[in-house]
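Undergrad: Sequence:
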Amino acid sequence: MTTPDFVLTARLAPGLDVLQPFIEAQLIGPGEAQICATYVRLAPQTDNTTLIALAFAARAARLGHVCIELPELERLGPDPDSDAPIALAWPDASSWINSLDTSPLVARPESGGREPLRPLVLDGPRVYLQRLFTDEVAVATELLRRCEAADDDLLGDRDELDTVLDEIFGPEPVEEPDAQRLAARSALTGKLTVIAGGPGTGKTHTLAGLLTASIRLGMSRARPIEVAICAPTGKAAARINEALGTAVARIATAGALDASVAEALGSTTATTIHRLLGATSSAGFARNARNPLHHDLVVVDEMSMVSLPLMAALLDAVRPTSGIVLVGDPSQLTSIEAGSVMRDIVGPAAPGAPGHGPLDSRVVVLDRRRRFASGSAIAELADAVRDGRSDDVISILDDAPLGVSWVRADDREGLASVVDRVVERAAQVVSLARSGEAPSALEACTSLKVLTAIRRQPHGLYDWTRKIEAGLTTAVGAIDTSRRFYVGRPVIVTANDYANHLANGEAGLVVRHGDRRDVVFAADGALRYVAPSQLAAVETWWAMTIHKSQGSEYDSVVVSLPEAGSPVLSRELLYTAVTRAKLDVTVVASAAAIRAAVEHPVARASGLRDRLWPHPRSVQ
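No gaps in the numbering here: position 73 of the sequence shown is 73 in the numbering used here, and each next residue is one more.
Capping the alpha-carbon separation at 20 Å, the derived lysine to aspartate or glutamate pairs in EDC-like fashion look like this:
1) 582 with 380
2) 582 with 383
3) 582 with 553
4) 582 with 242
5) 467 with 410
6) 467 with 413
7) 467 with 480
8) 467 with 420
9) 582 with 443
10) 582 with 555
11) 467 with 563
12) 467 with 539
13) 467 with 411
14) 582 with 367
15) 467 with 424
The hints are simulated quantities; they were obtained by calculation from the structure and are not laboratory data. As the structure is a prediction and not an experimental result, all values here were calculated from the model.
Based on the provided sequences and hints, a complete structural model is requested.
TA: Put into structure tokens, the structure is as follows:
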């Protein structure tokens, strides 16, 4: 067996012999080994079982888990069918728990947040890094407190509220409650409301309605109701602003807006959670319990991307008397950091699921699709993926209904046809950009997008970019791709650029602008031109990763998956990709890769759902 370089580094640290088999099996990396080495130096008598637990708890956090579950860890062992399996000395779960219970490096739940802090917390079969345990308990405690808090009279007369909601959403149906109206009313009267729903179910319309109602009702008070809208990323915040503008226009058409309300709505814009909380250079936040946000209502969109630590920081900064509204799709990809907060909060509160918990009355599920026409093949495909019905997914793709098509990964002719289609659209973009027609060029650039699961290797981001740029050379003439900002090159910002007021994930296009080449961005209904020399953190945007696409929508989408053995394949990944499409989606993948994705939901170890839902347990 070839020994990775980092194994040699780990061997240099004394006292880590017990970790060597796990390091050789590549289940523990150099970062985890160094953490363990630090604690061995501080506490030389640390036993082996504690070292193993510490290493895996650190690794789990890096992979997005909040904790490790000791009885499940052995499943992480090497492939038993391997020619040379590595013998791993997994402790017995029961004796492991007993050993950790007496370790000086491990705290119990009741003392997990007390001084002196210890690196690990043991809670039943779960082992946490202390900071993640503290965050999980803080989030659970605050959410449950908000569930139990009595509705207040922030908005005054409830009859007046219902009258306004009737004008915006229509009268309350007699036979079945209007979930959008119900969500808006809950958000405007309670301390916590969770609005869950898939694509096109009206989440944005609901937000626009509750904002409209809050402004109208606030105008009858001495002090207007202050609302903050935020999202995890700048791209998501920008999309909320665009979507809210469209939704508000629909409400205005229905006659529920006057000039003063419309003006107030126009000044209400979304920002990032980090900016709302006043992120500091020390990785902390200016806003917290000692210096809380002043807003009466805080709305968080795209909650599926919010990590546990960020959620803890946000809840800490919202005043106990203020309301908070959490909006998102629990079936989408989770945060790249630790936690699956939205999924844990929504828990079993889904159509047809038995409700049992304090959050029952606080979670509103929007399940009526409004974006897709009745019988939409995209919606049918998304449902099958979300529910894990791999046979149905394959059947739908095989049938190729209107709006859905499938190209097998080994179908060279079919793949060439898809590439030609993408190149044809890209050629329109370049031609319009060369002509200086920025609005039309941007529209063409965002009408079709290739979404990939990986960056490198066949069917990845760089592979598609190469194919598209090679095709463009034939379609529109020579393109000097060695020139970083060639006219027609779409770009995506890869890091927040405060100097240019650009957020990570915002997309632009290099266009001819008079006698110059500029990069044009669309923001708040207007065009902004930025000199290429001012942009550093950007990359080519002919294709993008599915993770980056979260929070965006495109008319047409090409979803490109790697082979079945890829560890990135998951149900949430494919669901997120498919639901980015509004009109049609093309899946480029083998049947095995599609099944691998659909049949492997992301399973993140966390105790948050148990603290909030089925089996009531005391929150320490």
